[in-house]
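Protein chains in written order, with my numbering: chain R, 8 to 357; chain F, 8 to 357; chain U, 8 to 357; chain V, 8 to 357.
Because the hints were derived from the structure by calculation, they are not lab data.
Some hints could be false.
In this list, chains with the same sequence are indistinguishable; a pair is considered to hold if it fits within one copy or across any two.
To be verified - Simulated crosslink set (EDC-like; lysine to aspartate or glutamate; CA at most 16 Å straight-line):
(1) LYS210 <-> ASP82
(2) LYS136 <-> GLU294
(3) LYS324 <-> GLU212
(4) LYS173 <-> ASP295
(5) LYS286 <-> GLU65
(6) LYS136 <-> ASP223
4 protein chains.
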Amino acid sequence: MKTYSVAILGATGMVGQHYIRMLQNHPWFRIKTLTGKDSVGRKYVEAVRGEAPEPPKEVAEMEVQPTDPKHVDADFVFSCLPTEAAREAEPRFAEAGFPVFSDAAAFRMEEDVPLIVPEVNPDHLHLVKAQRKNRGWGGFIVTTPNCTTVGLVLPLHPINRQLGVKRVTATTLQAVSGAGYPGVASLSILGNVIPYISGEERKVETETAKILGRFDGGRIAFDDVDVLATCTRVPTIDGHMESLVFETEKKTDKETVANLLAEYVSLPQELNLPTAPRKPIIVRPEEDRPQTRIDVDAGSVPGMSVTVGRIRVVENKVRLISLSHNLIRGAAGGTILTAELAHHFGLLEG
Amino acid sequence: MKTYSVAILGATGMVGQHYIRMLQNHPWFRIKTLTGKDSVGRKYVEAVRGEAPEPPKEVAEMEVQPTDPKHVDADFVFSCLPTEAAREAEPRFAEAGFPVFSDAAAFRMEEDVPLIVPEVNPDHLHLVKAQRKNRGWGGFIVTTPNCTTVGLVLPLHPINRQLGVKRVTATTLQAVSGAGYPGVASLSILGNVIPYISGEERKVETETAKILGRFDGGRIAFDDVDVLATCTRVPTIDGHMESLVFETEKKTDKETVANLLAEYVSLPQELNLPTAPRKPIIVRPEEDRPQTRIDVDAGSVPGMSVTVGRIRVVENKVRLISLSHNLIRGAAGGTILTAELAHHFGLLEG
Amino acid sequence: MKTYSVAILGATGMVGQHYIRMLQNHPWFRIKTLTGKDSVGRKYVEAVRGEAPEPPKEVAEMEVQPTDPKHVDADFVFSCLPTEAAREAEPRFAEAGFPVFSDAAAFRMEEDVPLIVPEVNPDHLHLVKAQRKNRGWGGFIVTTPNCTTVGLVLPLHPINRQLGVKRVTATTLQAVSGAGYPGVASLSILGNVIPYISGEERKVETETAKILGRFDGGRIAFDDVDVLATCTRVPTIDGHMESLVFETEKKTDKETVANLLAEYVSLPQELNLPTAPRKPIIVRPEEDRPQTRIDVDAGSVPGMSVTVGRIRVVENKVRLISLSHNLIRGAAGGTILTAELAHHFGLLEG
Amino acid sequence: MKTYSVAILGATGMVGQHYIRMLQNHPWFRIKTLTGKDSVGRKYVEAVRGEAPEPPKEVAEMEVQPTDPKHVDADFVFSCLPTEAAREAEPRFAEAGFPVFSDAAAFRMEEDVPLIVPEVNPDHLHLVKAQRKNRGWGGFIVTTPNCTTVGLVLPLHPINRQLGVKRVTATTLQAVSGAGYPGVASLSILGNVIPYISGEERKVETETAKILGRFDGGRIAFDDVDVLATCTRVPTIDGHMESLVFETEKKTDKETVANLLAEYVSLPQELNLPTAPRKPIIVRPEEDRPQTRIDVDAGSVPGMSVTVGRIRVVENKVRLISLSHNLIRGAAGGTILTAELAHHFGLLEG
């Protein structure tokens with residue numbers, strides 16, 4: 008089949024490195040351009056920050072380009088730019104005709120911008136038609152949610168669909184890689200917990216209602232799920248754990264909830280997309296799982312499954328623990344899977 | 008004034024070491040006997056496990072005694088025995104005439120055994136009269152709650168009293184010292200979170216209702232507060248953090264909640280008991296506090312205050328973070344303060 | 008070619024789990040029996056301690072056998088028994104005709120027992136002929152060194168051979184997995200360094216001279232290298248780092264040392280043994296490598312290469328940092344490679 | 008007695024915070040001015056970086072001043088400026104008549120600048136006379152060594168004096184607070200060791216020879232001790248551990264070395280200076296001490312004693328472990344003690 012050439016905007020950060028690793032042997036997508044800011048003109052391998060695994064040779068030697076459509080030759084772009092840079096650059100790329108798949112926060116909540124978790128709301132992708140029309144763009148912007156939202160909304164989806172979900176509270180225990188590099192100072196987090204991550208709680212609360220919303224072909228009606236989040240940083244490397252508590256509208260029990268999660272598959276699985284894990288949600292029966300360090304890479308595509316455990320149901324109150332890889336399912340991997348879905352819908356065709 | 012001689016049952020563990028440190032210059036209580044199990048007959052300093060600060064010389068040289076009333080010469084005893092050992096030994100001490108102040112779990116939920124947080128339910132201490140009568144004991148058993156319960160029930164008390172509290176959910180992030188020594192293997196917790204602590208959630212849920220209950224002089228009517236807990240272990244040394252979410256029956260706002268907590272004082276403060284912190288609850292206004300490593304020793308009596316922060320109120324839903332020292336307020340310190348209260352009530356007099 | 012059936016003695020510990028993982032797709036060796044102690048009669052998957060990755064299905068279902076030749080059906084055995092158990096059991100297996108490949112410490116320093124690092128002293132394997140004769144055994148015992156010795160002796164070998172090495176001092180920074188499970192208490196090591204590991208320094212110092220010794224067909228003449236070691240435990244998961252300082256007898260410089268290490272290959276590489284890494288020693292030129300967490304799995308066979316960096320030479324004084332995987336090259340992997348070598352020498356043939 | 012008013016240059020960093028804590032109740036020195044860079048004009052409590060304990064109220068409210076003699080009203084100054092800032096500012100203060108006591112690296116190795124460890128080379132302070140004359144300054148600059156040098160040179164001093172020391176090798180395990188705030192990224196150090204600290208090894212090697220040198224009233228003749236250092240960063244908060252190996256010229260044994268260290272006192276102890284610990288070196292007999300987290304604050308003035316343990320002597324080769332608090336003895340505390348000594352010598356008098 009046809010392969011697509013892709014550019015990665017903001018490729019030198021931690022998420023950029025995961026894009027490069029995951030696209031290395033991708034059957035459809037080929038990396039053609041990497042952009043950066045302070046590192047423009049240097050070889051990628053010398054520009055990359057943090058302690059990344061060494062990139063494949065052909066990528067290592069690429070010269071970092073400015074984040075500017077004029078310097079980018081690609082069929083579409085992935086963006087892992089910081090929020091402010093994304094706000095400025097992504098519309099210029101969309102205007103210049105590029106499909107933009109972004110895990111940046113800048114446009115997630117705009118009315119005509121899809122915010123996609125591929126298993127949950129694949130149909131929202133079609134919102135780009137309205138977007139193109141509204142904005143007169145040849146390309147478009149598709150976003151993926153905050154890394155913490157993903158670990159909440161994926162397990163919520165099958166339960167909400169069958170049983171109705173309300174009064175969701177989430178306490179998260181997030182890894183330091185979620186703050187990028189250098190991110191959190193070691194002095195701040197060794198042997199410590201910081202019960203605050205700037206802006207995170209609001210993102211989780213608002214994004215969830217949009218993702219679970221109903222798309223009528225023209226606009227998205229937000230779901231009325233109410234989420235209250237408390238986000239904390241703990242001294243783990245990768246993997247965001249979430250302690251979720253919610254009520255179901257219908258009566259339920261532990262076995263029902265466990266089965267809804269364990270048997271959950273959706274369009275990406277049915278289409279057998281390259282980056283789709285066989286099981287989006289892995290349910291662990293042990294009383295002390297999932298654990299961050301041990302389960303973060305679970306799944307047939309490592310890091311693309313959310314692991315759920317400690318399901319407890321008292322009357323209609325459900326408690327469970329979810330764990331997701333913040334840089335893979337919560338960033339690079341989730342966005343690549345979204346682009347694969349866009350290909351399926353024909354949205355990548357010129 | 009009169010001083011009391013005290014024995015510490017199970018003195019070689021981590022909590023025992025904190026008893027010794029806190030009683031070192033106590034104005035009323037003098038350590039006279041230390042008991043142990045495998046270490047009977049050895050000097051205390053050689054018997055102690057873990058990396059304790061060196062005990063004062065007169066304690067270091069004491070010979071560890073068997074946990075048996077015949078070998079104990081003291082006006083009353085503190086017990087930090089493991090649950091099963093406590094179940095067997097504490098009644099024998101009470102029968103032999105000793106007041107027993109215990110942070111062990113064995114008898115906390117028995118109908119005629121007080122479960123005390125000194126600021127919250129000091130009056131429950133009088134339940135020992137019924138206990139002595141029921142059981143025909145010269146002494147009695149008074150218990151203090153699980154370390155995690157304390158960090159929940161202290162901030163809940165003033166709010167419940169004024170505003171009514173319901174639908175409490177707690178997610179805890181507990182330090183490794185809560186599991187004693189050797190406790191949690193380093194391989195299990197370095198860079199990891201374990202979302203399970205055996206038996207802990209049930210304790211938090213049941214103990215809270217008893218402590219907040221009403222004592223009518225004869226028995227305790229449990230409060231109808233409903234608590235759902237999720238307990239996790241994180242790689243911190245000392246200090247249990249709790250993310251609490253609850254609803255209030257009356258309308259409220261952030262300022263009201265903050266003031267109720269910051270201004271909270273109770274009988275131990277009024278009596279100026281030696282181990283009572285001036286403020287049982289310290290409210291931090293910063294958006295990223297309390298933090299485990301930084302705030303665990305807060306207060307005029309280090310480790311005896313609970314630090315609360317991140318108060319957020321949406322309609323009648325309240326979220327906050329609480330932090331308490333699991334070995335001090337949650338164990339040795341809380342129990343010493345309980346004994347001080349018992350002295351005030353005249354319960355230590357022969 | 009013929010495959011061998013193997014037994015793993017003491018299979019439920021951390022090293023045992025690495026044997027199982029590394030033998031899973033081994034071209035020559037098939038796991039047939041697993042032995043244990045307290046877990047005899049249980050399924051392996053239920054007996055295993057610590058947080059292992061799940062074993063392959065056929066191994067998971069095996070019933071754990073007693074560590075007794077009568078219960079073991081195999082062509083040869085790997086032993087990762089604790090020292091005392093090894094001292095008792097290994098001779099019984101050798102007497103019963105089994106070749107025993109052991110990473111236990113019990114027999115390493117016995118005069119007629121080979122102590123093998125496959126690249127360094129493959130010829131020492133032939134010492135088993137004397138051993139069989141001395142002891143009248145049908146089988147034999149071959150040992151591999153302490154995990155810390157390996158990271159010292161592998162880089163020392165090519166330098167000693169070419170330049171002569173003396174006055175070696177080693178300060179090690181060892182990971183907690185080296186102490187097994189549960190091993191080091193989290194309270195003891197979080198945010199801490201413990202500058203002592205029982206028995207470790209003596210092992211490193213004595214084993215090195217034997218491994219570098221000369222085998223004349225009958226016995227091993229120890230090398231006169233003098234080693235002074237200081238062993239510390241640091242809060243890392245896997246991977247022993249060593250800061251080595253030594254003098255060379257001949258003049259040298261940084262480039263010479265780096266080349267000797269980088270170009271080092273030996274018999275296992277020449278024979279292309281299944282578990283032999285293409286490069287036994289990987290030299291990193293960066294000023295801040297190797298790092299424990301990042302480089303521990305380096306090499307074409309992950310964990311089988313030692314990574315060396317920070318080579319500094321002042322006159323004839325050489326300093327360098329070495330890093331080796333204590334459970335793979337330092338235990339299971341090193342012993343499997345030794346057995347592969349024994350096969351090459353025809354020592355596994357009945 | 009007279010008290011001196013002092014300024015702290017670069018007061019908002021981590022070392023500055025320790026100066027403030029240690030000077031809080033100082034009998035001779037009163038903080039009068041705090042200087043900063045980006046925070047000029049703000050209250051100190053709002054300018055301070057990192058998670059400091061709250062400063063005393065009168066300090067908290069001080070307005071941060073520019074690092075400029077015109078804005079500083081004080082009898083003398085402490086400088087904890089970054090190297091480059093120190094290189095520019097400290098001479099301007101000395102020229103303007105201020106005695107400057109600095110733990111910055113900028114001038115340590117200048118021929119006419121004393122580099123002081125108060126117990127080791129108090130007489131070197133008199134070098135400031137030559138300095139003033141050479142440079143025509145009313146004031147002067149006195150420096151204190153790199154934090155890692157202190158933990159090496161203090162235990163070396165009594166042994167070198169009695170037995171002669173040569174061929175010193177040091178491998179350090181340094182805490183993250185040594186890199187300041189934000190310093191080391193948590194992603195870089197959690198569960199990891201980084202065997203490199205920029206510039207550190209050269210400092211340790213050169214400073215030691217100067218400190219141990221002989222001052223003849225005019226200049227310092229460097230000692231001929233040869234030091235080879237390897238510096239690593241480990242995930243600990245405070246406290247630099249060092250594994251030292253050296254040879255003595257005279258024959259010795261473990262007991263002799265232990266006694267030389269344990270009985271070591273010097274001028275600061277004889278003068279009973281306010282910040283002098285009763286024992287500059289504490290010798291621990293246990294086989295597993297000192298430990299970073301447990302022993303870092305040892306001593307009668309917490310953090311001012313170096314703890315030494317694991318003394319091993321083989322022929323004339325000595326191995327030991329030393330531990331010192333990098334922010335106290337290795338920075339603020341060492342410099343305050345140096346100023347106390349200067350007062351004794353009459354160097355603070357106008």
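Status of each hint after checking the structure:
{"no.": "1", "hint": "LYS210 <-> ASP82", "verdict": "neither (30 Å within a copy, 53 Å between copies)"}
{"no.": "2", "hint": "LYS136 <-> GLU294", "verdict": "neither (46 Å within a copy, 41 Å between copies)"}
{"no.": "3", "hint": "LYS324 <-> GLU212", "verdict": "between (19 Å within a copy, 14 Å between copies)"}
{"no.": "4", "hint": "LYS173 <-> ASP295", "verdict": "neither (26 Å within a copy, 28 Å between copies)"}
{"no.": "5", "hint": "LYS286 <-> GLU65", "verdict": "neither (32 Å within a copy, 23 Å between copies)"}
{"no.": "6", "hint": "LYS136 <-> ASP223", "verdict": "within (13 Å within a copy, 69 Å between copies)"}
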